[in-house]
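First to last, the protein sequences are chains U and Y. Quick note on numbering: the first sequence equals residues 1 to 191 in UniProt numbering. Quick note on numbering: the second sequence equals residues 1 to 191 in UniProt numbering.
None of these hints come from the bench; they were simulated from the model. Cβ coordinates follow ideal geometry from the N, Cα and C atoms, glycine included. Treat each hint with caution, since some may be false.
In the DSS-like style, the derived pairs of lysine-lysine whose C-alpha atoms are separated by at most 25 Å in a straight line are [claimed, not checked]:
id, chain 1, residue 1, chain 2, residue 2
1, Y, 50, Y, 75
2, Y, 75, U, 22
3, Y, 22, Y, 34
4, U, 34, U, 22
5, Y, 75, U, 50
6, U, 50, U, 34
7, U, 22, Y, 22
8, U, 75, U, 50
9, Y, 50, Y, 22
Only part of the chain Y face toward chain U is listed, based on derived beta-carbon distances under 10 Å [as the list claims (entries may be wrong)]:
id, residue
10, 23
11, 106
12, 128
13, 132
14, 136
15, 138
Protein chains: 2
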Amino acid sequence: MSRAPDTRARIEAAALALFAEKGVDGTSTRDIAKAVGVTEGALYRHFASKDELARALFLSRYGGFAAGVEEIRAKAEPFPPTVAALVRFFYAAFDADPDAFAYVLVTQHDHLGGMAADAPENVVAALARTLADAMARGEIAQGDVALVSALALGLVVQPAIFRLYGRLPQPPSAYAEEVTRAVLAAVGARM
Amino acid sequence: MSRAPDTRARIEAAALALFAEKGVDGTSTRDIAKAVGVTEGALYRHFASKDELARALFLSRYGGFAAGVEEIRAKAEPFPPTVAALVRFFYAAFDADPDAFAYVLVTQHDHLGGMAADAPENVVAALARTLADAMARGEIAQGDVALVSALALGLVVQPAIFRLYGRLPQPPSAYAEEVTRAVLAAVGARM
DNA sequence: GGAATGTATGTAAACATTCACTCACATTTT
DNA sequence: AAAATGTGAGTGAATGTTTACATACATTCC
Numbered sequence: 001m002s003r004a005p006d007t008r009a010r011i012e013a014a015a016l017a018l019f020a021e022k023g024v025d026g027t028s029t030r031d032i033a034k035a036v037g038v039t040e041g042a043l044y045r046h047f048a049s050k051d052e053l054a055r056a057l058f059l060s061r062y063g064g065f066a067a068g069v070e071e072i073r074a075k076a077e078p079f080p081p082t083v084a085a086l087v088r089f090f091y092a093a094f095d096a097d098p099d100a101f102a103y104v105l106v107t108q109h110d111h112l113g114g115m116a117a118d119a120p121e122n123v124v125a126a127l128a129r130t131l132a133d134a135m136a137r138g139e140i141a142q143g144d145v146a147l148v149s150a151l152a153l154g155l156v157v158q159p160a161i162f163r164l165y166g167r168l169p170q171p172p173s174a175y176a177e178e179v180t181r182a183v184l185a186a187v188g189a190r191m
Numbered sequence: 001m002s003r004a005p006d007t008r009a010r011i012e013a014a015a016l017a018l019f020a021e022k023g024v025d026g027t028s029t030r031d032i033a034k035a036v037g038v039t040e041g042a043l044y045r046h047f048a049s050k051d052e053l054a055r056a057l058f059l060s061r062y063g064g065f066a067a068g069v070e071e072i073r074a075k076a077e078p079f080p081p082t083v084a085a086l087v088r089f090f091y092a093a094f095d096a097d098p099d100a101f102a103y104v105l106v107t108q109h110d111h112l113g114g115m116a117a118d119a120p121e122n123v124v125a126a127l128a129r130t131l132a133d134a135m136a137r138g139e140i141a142q143g144d145v146a147l148v149s150a151l152a153l154g155l156v157v158q159p160a161i162f163r164l165y166g167r168l169p170q171p172p173s174a175y176a177e178e179v180t181r182a183v184l185a186a187v188g189a190r191m
């Protein structure tokens, strides 16, 4: 018995949803197997351990974020359209898979533990570089890059969190323009 | 055998630190007992269960936030000094006990599940009321109150998160003025 | 003043359950 | 036939919690 050749993908989807809702520690391998409709043993045909599953899930999803952010940054457009593109990108990712967004958001620190703080594949580092560049060009006010990164990220991420917890009536993508304006205002963009 | 009359407080402090660092599910009652320097049985002299400990910890800490925010809001000062006071208040709380700040931040949704979304003791609801008032008075730009709440909260909270993860060189209280300015700019305060 | 007693607090060991994971075997796919 | 994939029962370790018993300290009674 083994219809459904996409078992690995179904395991990933089920685990992602459960991890996002109850946390990795709060989710058992039994929970995952039951959600997929398969026995625990089958899980281990595709992943060496629960930890490896959690890590694979994180790396694949996080990698998408990092690549998208770096691509937008590399275009080196003026600051306002760059911010607009970043906001739209993050919220498109949220719309496409809120579970993945929540999971990456919540577990990033656990999994990024080893990664260099300014590694090119680090999303926060890429954002900081974007802001540092804008600062160097005089497109935004001078200031502590780490702080300004936190401010900008907070503006983008918090509406998504509100949406996850049912505190926003619409998905954050509906507010992309307003959020972009808020970021530009908060970082003191010259317009 | 039983010196140390402050066992309950020591249990709370140890549990809070462990919960903040590894999560409630990631922390065992044995971990807590070992950190306190007592046996597991002693834990159950003071708390009926691990869940009750987690809940008591949350409610006592969260209550302080709610009371502080509501107090500042009730003064009904003009918007800019109100925001400044709120930012200082949050960051003073962070400085006083980063573990408590992190724990409340991360677990609020789990514990607030039952609470009415606009209950007076709900911190986010109190912030939303503050912003709605300012909007009604024409002190800030018109807009979706839920979204504006998310923006303001994101600006305040994210620097604290950065600090917790070692991404900010100084505690957020050092940036209180800049964060206040960013909030005022982001919500379109007339100044 | 000192034995008796009640209560709060601690210990050490055990408890049933759940955990992540493994293995021998069956079935399907190639 | 060989490789890949799934099953179902099982493993030992770890989990939250309870238990039987011990100690400290305050109060009460003679």
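*Kindly indicate which numbered hints from before are broken by the structure, ordering the numbers from low to high.*
1, 2, 5, 8, 13, 14 and 15
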